[in-house]
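Each chain, written out:
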Amino acid sequence: MAEATLNIFRGDSTNGKRVDYKVDVTPGMVVLDALHAIQGHQAPDLAVRWNCKAGKCGSCSAEVNGRPRLTCKTRMDSLPLDRPITVSPMKTFPVIKDLVTDVSWNYAVNKKITPFTPKKDTDWKMYQQDIDRVQEFRKCIECFLCQNVCHVLRDHDVKDKFGGPRFFVRAASLEMHPLDVADRVPMIKEELGIGYCNITKCCTEVCPEEIHITDNAIIPLKERVVDEYYDPILRIVRKITGAKKA
Amino acid sequence: MTDRFETHEHDVLIIGAGGAGLRAAIEALKFGAKVGVVCKSLLGKAHTVMAEGGIAAAMGNVDSADGWKPHFRDTMRGGKMLNNWRMAQLHAQESIERVKELEQWGALFDRTDNGNILQRAFGGHTYKRLCHVGDRTGLEMIRTLQDRGVQLGVDVYMECTITRLMKDGDRVAGAFGYWREQGRFVLFKAKSVIICTGGIGKAWKITSNSWECTGDGMALAYYAGAELLDMEFVQFHPTGMVWPPGVQGILVTEAVRGEGGILRNKNGERFMEKYDPKRMELSTRDVVARSIYTEVKEGRGSEHGGAYLDISHKPAEVVKKKLPSMYHQFKGLADVDITKGPMEVGPTCHYMMGGIKVDAETAASTLPGLYAAGEAAAGLHGANRLGGNSLSDLVVFGRRAGEAAAKYAQSASMPKIDEAQVSAAERELLAPFERQGGESPYAVHRDLQDTMQSLVGIFRVEDDLKKALAALLTLKERAAKVSVEGSRMFNPGWHLAFDLRNMLTVSEAVATAALARRESRGAHSRIDCPETDPVCGKENHIIKDVNGKMSLSTVPKGPLPEDLQKILEEA
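Note that the protein sequences, when read in sequence, are chains A and B.
The opening residue of the first sequence carries number 1 in my numbering; numbering runs sequentially from there.
The opening residue of the second sequence carries number 1 in my numbering; numbering runs sequentially from there.
Think about it this way: if two alpha-carbon atoms lie no more than 27 Å apart in a straight line, the pair counts; the simulated BS3-like pairs of lysine-lysine are:
no., chain 1, residue 1, chain 2, residue 2
1, A, K139, B, K320
2, B, K205, A, K22
3, A, K111, B, K34
Far from chain B, some chain A residues (derived; all Cβ distances over 10 Å):
no., residue
4, G16
5, V64
6, G66
7, Y230
Hints in this document: simulated from the structure, not taken from any laboratory.
For each residue, glycine too, the CB sits at the ideal point set by N, CA and C.
Go ahead and model the full structure; you've got the sequences and the hints to work with.
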């Protein structure tokens, strides 16, 4: 049986060190299994968030060998075992303990988004071709890996001005809902600060649900912002017709 | 606020933020209650998120002959008539409206060609009845309810674990627990409490359940003096992953069979022809699980001790569209392309039909001020739950619990909680740190899982159940002596010490009730009592704490009204 060494961050917001743990690698083992083996036999106080262990809940996000991953979907046999596998908490969020970070900021951002606002007196008929694109966004499991990797948040830390990819996806899912009538464009521009995004696509690359965050959510939202704020012709049309959305 | 603990007051306190808890919160808010929801994980991560196949509601969008009566009949038949008939009736009648309501709050179900909610076939359902979103229906539901709850202004206490219910005389008065992050203690005072904590799968070794499913609510209610009902009925889902070892137990949705998946043994035989030739793969879960188990036991299992489940005869694009997470799950975790070849599957501990005994109309437990809904409550599913009936259970009875608890709170005063209860709860929480040299809770948990897996599994026998009860006694003694190291800050070993206490209590209830039911019915199969006994079928088992000891009593089921009896006799 092969053996792996996991080099794990142990500590809290004030202090921390890296500790090596040796684990026997079993067939099909994922990094989360290795973390559980360490909790079960060596370090029962190792703090790890997880729930489903099946890639459905988005709880077990961490940085494995420097790459943001769901640990439940990262196979040990996909990693080189001849050197320690580093496991670190997501860098963008404050560490609470070990691999657990404070992601509460995300929940605060979510509250800023205008909720689903259905058309009045609708018969609730919707067609699959009209909801396909929204269903893509609704696959999001809120693992926050896109938030973690976004350089606007990770390197520039403008959390007070920028919502991050997760919430562009959520805003897009509402904006493109066939029966929604709310106008979120001012909120997307001002409060979520979509202008900060310079479409480097890092978020799309790490998304475990393979949502095309940049192409399908962010760019169309940016276009709506441009249409509403910077397109003089549409502005006139809106003024004449009184329409909120053109 | 004292330095020992913080205090919060609510009209209605809801423990658990899965489908039932969130639906209850939304309803209680509607009645003007000040609502608090406490959950062990982050909001939106509850076990509901793992529900895959769909939510059952007789909308008749695909099969227009469907209606609440056939749904009621299927539910009762699937539950082998042990169900609380009134709950089964309310569930069949109200689930339709509850699904429409989810859509009105933003849920986007897959559609029929004429723009309605699409419905798929599922085991034990006569008609195509499961509204779904590919194979991620639970995620859609929890996100919808979460967004709705947040919009209405519910207070959510995330990553907070309740370890004791507090009482004021006979009445439930709140709850005590700790914040997982910092380990600080917290007291919730509430006029009414709703338990929506889900199941107990983590007491078994092979399970589809997450770490949260440790029977907390059932144990908390039991400690407070509430009655538990029909605890012997534990559902083993027929299809969990069996290989590789790390993924053993992870759910393979019934939707695979709903979409046309075929089960075969190692000889290529479609073995369901032997066990249920009429319904085949879409038989009820108890039957399919036992069939796979029997095939393996008799030497016809797959390479790694399961059965082969094949959907590869369907076009690859259809498989990827209708079962996207199954496709990725097998590709990523087992190196199997399900569009090209079969999956290996075997039974996995999945769902608890038993739980807190509740009133059908109000979800009230036997204790004043205490309510329960969802998997933590019992009655709807009888001896075996049909797939798709749990998501509908959550919203139908979550709503009823929210309404009843809010109305109760309107007429009740804020209860008083005496200091002795609080300090006892505090002492209990601190004890594992003060004990030196005890075992790790993880070691006791492993042995509990082995015990329940080998002695209280799919097939049961008196001797095994007696052995299990003896083993649980020893495990309880060991659990009472565990030590934890480190600080109170996000310490999973410490957390497990209390989850373990709950699992042991609920496991004892399961084994006690299983020993008492001397027949085979639904998910409860006794090798030594293989027949279904009509006399036992008229009896429910109640488990209750009597002077610190678990006691079981048998109570007669209420008679079925004539109009419902007629529905059951049709078709």
